[in-house]
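**Student:** Listed in order, the protein sequences are those of chains A and B. Position 135, counted from 1, in the first sequence is what the working numbering calls 135; the numbers after and before it change by one each time, with no gaps. Convert by adding 1000 to the 1-based position in the second sequence; the result is the number in the working numbering.
Among the hints, a few may not be true.
Computed list of chain B residues with no C-beta within reach of chain A, every gap over 12 Å [as the list claims (entries may be wrong)]:
1) Gly1031
2) Lys1147
3) Gln1207
Below, in silico cross-link-like pairs of lysine-lysine (BS3-like), each with a Cα-Cα straight-line distance of 30 Å or less [to be verified]:
4) Lys1324/B to Lys288/A
5) Lys1022/B to Lys190/A
6) Lys1324/B to Lys206/A
7) Lys1034/B to Lys190/A
8) Lys1339/B to Lys190/A
9) Lys53/A to Lys190/A
10) Lys1339/B to Lys206/A
11) Lys1322/B to Lys288/A
12) Lys190/A to Lys1296/B
13) Lys1004/B to Lys1034/B
14) Lys190/A to Lys288/A
15) Lys288/A to Lys1153/B
16) Lys190/A to Lys1314/B
17) Lys1324/B to Lys190/A
18) Lys1150/B to Lys288/A
19) Lys1101/B to Lys1034/B
20) Lys190/A to Lys1322/B
21) Lys206/A to Lys1040/B
22) Lys1314/B to Lys130/A
23) Lys1141/B to Lys1117/B
24) Lys206/A to Lys1314/B
25) Lys206/A to Lys1034/B
26) Lys1339/B to Lys1314/B
27) Lys1289/B to Lys1269/B
28) Lys1117/B to Lys1233/B
29) Lys281/A to Lys1124/B
30) Lys1314/B to Lys1058/B
31) Lys1040/B to Lys1101/B
32) Lys1101/B to Lys288/A
33) Lys1153/B to Lys1058/B
34) Lys1034/B to Lys1124/B
35) Lys130/A to Lys20/A
36) Lys1101/B to Lys206/A
37) Lys1117/B to Lys288/A
38) Lys1280/B to Lys1296/B
39) Lys1058/B to Lys130/A
40) Lys1141/B to Lys190/A
By construction, these hints were calculated from the structure, which means they are not laboratory data. We put the beta carbon where it would ideally sit given N, CA and C, even for glycine.
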Amino acid sequence: MDWFFNFPDMSRSDLREFKKTVDFAFTDFSRTYGQGIEEFFEPLLMFLVWFEKLFINTPWPVIIFSILLLAWIGSRSILIVVGTFLSFMLIGYFGMWEDTMSTLAIILVATFLCIAIGIPLGIAMARSNKVQAAIVPVLDVMQTIPSFVYLIPVVMLLGIGKVPGLIAVCIYAIPPIVRLTNLGIRLVDKDVLEAADSFGANYWQKLFGVQMPLALPTIFAGVNQTIMMALAMVVIASMIGVKGLGLPVLRAISNQYLALGLMNGLAIVILAIIFDRVTQKFGLRMQKYRNEGKD
Amino acid sequence: MDSKNVLIKVNQLYKIFGDGDKSALDLVKDGMGKDELLEKSNCVLGLNNINLNIKRGKIQVVMGLSGSGKSTLIRHLNRLIEPTSGEILFNNTNILNLNSKELIQFRQNNMSMVFQKFALFPHKTVLQNVGYGLAIQNIPKNEWSDKSQKWIKRVGLDGYETYYPGQLSGGMQQRVGLARALATDAEILLMDEAFSALDPLIRSEMQNILLDLQNELHKTIIFITHDLDEALKIGDRIAILRDGSMVQDSDPQEIIMNPADEYVSDFIKDINRARVIQAKSIMTATNAKSSGATVKEDMVLEDILQIMSDAPSKPVTIENAKGKITGKIEMVNLIEGMKRPKSLGTNITG
């Protein structure tokens, strides 16, 4: 009855062998292809560096003015614009301007990447149940696997730096935009699609003329979630060499600097709130036609 | 029937929903009914051997209770639903043989559709909705917008061009739906319970708009409804479906005077016969002038009664649209015509 009380597991030596094999195989893989993969991501790195420099080197009043303008265009709310202004003034006053700009740069690039990859993926999922069945489990894994676990292979392949950080952020942040694009398109009223069909619309006319516009508010909720999740990753990304607000937080944890941790942590929260409010207001304005008048 | 006037010809059309529809088809062709088929092969019988000739420029009504297959039938005409077997000829081309490009062309040019739940594009304005059928044919904006404008005016929505459908009432939304369907100048108009979702007054108003338009445009209209009064009001011909089979397809008067079976009788049981039966259905044919007043042969009995009540003993003369005398009606014919035929039961209830 021994097997009943003790799980009949692999022997220790076998297990060690197994892990070794996997590790060596991956090390070999990264030795062989690491260089190539790094070169593949070179343009991304250049873009990221350029973008970050742009943010840091532009005089702060110009940046603040641009951000306020964008906040106004997005939300059309004086309250949000004033809040944004005060927040950025405080961030700058407490000496976190440069870190905030770095974080802003990586968040924007990550969001852009997620949208560029995620929306077409979501469209493909909405078009075919088979594609959906194949992608959903992958998204499940991406959302539930602890970030540290996929940091290991990413770092082994690309080393420490901005690009692996960006990839880690994207892996974490892309699922909502994919899921919500798929959901938004699938939720479009069947009657309306039938009407488009009956007038002889082809697939692309239906997609861009009817499905995407009607799914846009849902897709936008996905963009909002993607930005939020990207922000949540900045501290973890800083562990593999991404500069920005995450780094001081990391330093604060290891050295027990309460004030430093709090300040930078709050700066991340402020960014998150501003992004969230502006994008949500924008999303609401996009579906204005839904809320007016009678049924 | 004059075959050159037939625009759409539906031949032996079958539709079976569910897996294994081909083997189920054989069962149906051997005479299996809807319920038995569902039990035996888990397939739903949608349409069972439909044969229908739809005449150019006429309003063909397709009637039946919900689940009788009428919406399924109309969706076969523009292939929103593919049949299990059969053919649909439009000007002698079988539209089931069109490839996807030709089908899109066909839908753009030859048929347009009005839906029960309007199915307007909520994110487009009234103008953009009406112009949709034209815009997707890559017609330049100023052209489709002018045309749409004209139809918006024609259905009485002048001034609402920039509104969104959500801002309009149900009746107004369906006017947009109608204008959208008319804007493509398609020869055939498919109307799937187009007025069923509207309240009675608005429905009657929409029916009048449709009849007005039809007087002017002479489209071929296939109109689905479950409402007999509506069918009688607008139909040039009425087909009645039951459980996917065609029970009767005839002139509206014929349906009231000679219902094909009990199902049809049930349908017409509660109608006000005096208000729908026309003189020509009950008159005695003769060329001679009678002693009473002269009326047109499409006058309904209720109105004739009004005229005859002044001189009950004098038979009225019936003439056709060209003024030629075709028959006479006596008071006793009138009473006979208004009373329910024996087949509809003799109990006086409604």
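**Student:** Need the list of violated hint numbers for this structure, in ascending order.
**Tutor:** 4, 6, 8, 9, 10, 11, 12, 13, 16, 17, 19, 20, 21, 22, 24, 25, 27, 30, 31, 32, 34, 35, 39
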